[in-house]
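Student: Dock chain U against the given chain H, drawing on the hints supplied.
Quick mapping for you: the protein sequence lines, in order, are chains H and U. Reading the first sequence from the start, the letters are residues 204 to 271 in the numbering used here. Reading the second sequence from the start, the letters are residues 19 to 368 in the numbering used here.
Hints listed in this document are in silico derivations from the structure and should not be mistaken for laboratory results. One should not assume that every hint holds.
To be verified - With the Cβ distance kept under 7 angstroms, some of the chain H side facing chain U (calculated, not the full set):
#  : residue
1  : Arg221
2  : Val222
3  : Arg229
4  : Leu230
5  : Lys234
6  : Met235
7  : Leu237
8  : Ile246
9  : Gly256
10 : Gly259
Said to hold, decoys possible - Covered stretches of chain U (in silico footprint by chain H; criterion: 3 or more residues with CB under 8 angstroms from a CB of chain H, positions within the stretch not fixed):
#  : region
11 : 158 to 171
12 : 181 to 191
13 : 209 to 223
14 : 269 to 277
15 : 359 to 365
The beta carbon of each residue, even a glycine, is placed where N, CA and C say it ideally should be.
Below, each chain spelled out in residue letters.
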Amino acid sequence: MKRLLVLAVLAACGGCVRVAPYQRGRLAKPKMQLQRDAQATEIEQHVYESREGSAGGYGGTGGGCGCN
Amino acid sequence: MRLQLIAALAALARVGHADPDVTASARLAVYSDSDATSVTTSSIAASGNVSEHVRVSAQYLVDAVSSASVDVVSSATGRIHDLRHEVTTGAALGDSEGSVQLAYTYSTEHDWTSHTVRLGLARDFLQHNLTLGIEPALGINRIGRRGGVAFHDEMTSIGAEAYATYTASPRDLVSIGYGLADQLGYQASPYRFVVYSDLRAVREVVPRTRLRQTVTLRWNHHLFDDSALRTQLRAYRDSWELTSITAVAEYIVGLGALDLGVHVRGYAQTGARFYRASYPIEMPYMTADRELSSLVDGTAGATLSYVHPLAGRDVRYELAGDAFGFAFSEFPALRRRTGVVLGLGVAVSL
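Pulled out of the complex, with its shape left as it was, chain H reads as follows (with noise of 0.2 angstroms):
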């Protein structure tokens, strides 16, 4: 798993593409976030984990935009 993780890091900035400020105006859209709102996403990995085996994995921000 440790491995996959490497290489795919690797590989993604292997193909790095600069995205110019100026182009970012979608990226920085709430429907684009990872985190588009904290306080439901909680309640529902609430409801997962609590009925599921596995947890976690659900952590990391940013987006371009400078507001992580």
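Tutor: Chain U only, in chain H's frame:
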């Protein structure tokens, strides 16, 4: 409670001479399933700036649980009613290059108390095209038992999630994350017993250590006009040899002040290595926890949100509905479970 949160944040903002930018929200969610379980979750939250670079937040949540599920009935306790209270406070320090976040959560119910501290560090690189972050967390849990023989034990969890988020194009945002968490201590249920052999029953026993790993890939793609496709794929594996995969897809379209979203989620897991549908002899580890058996589940739902100006402020209303189904292939007492989750939310910027 809601007014107190908002007043406290506004007062802090005045002390710091910052634009308070206070937002407040409330949410209600109702869960009901075919296994005689219902959960009503109510939460309120508020956040605001106390200085140019510091934002504080607070949230209060209550879960009201009522259940006569197979799990509960098999432990001879009849229908249970329980309340869980959870308070979270947090502060974030950040600028356009990065952020540091610290949050503390206290949760309590009649037989469980937990303290969790989370730290979040994130920094932008490559002219804000790449965000790297790490989120360590520590949780300390005290477990008890209501009624019957006195029971006390503890469980500590420590872990971190690291992620990289990248702007692959003006329309594409991709993210990959890796999570590692170790749980040490009591991880069974003090109410659950396992029947084996000639109907002898013993208290459930599972290993006291569990190492969890996750890899999560996310891809958000902006489609035509004001719409986005949001996808997520998560792989999970732990030291109990439980493996799972989760796939989520959501499509959101903006129609003026209205946002309409539809989503589907699929999940499948293998059972833990020591899980058995029945135990012919006594074994070192024995469990009757269906969440440790192999299972698949699926969810489909929709959300509708509407922004309406009121007294010069934008108020956002949200209505959400999900329907789900579970299938347990190794849990004879319950082969299927279906249910719904309905949600209602309102948020306002003050």
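Student: Could you tell me which of the numbered hints above are not met by this structure, giving the numbers in increasing order?
Tutor: 11, 13
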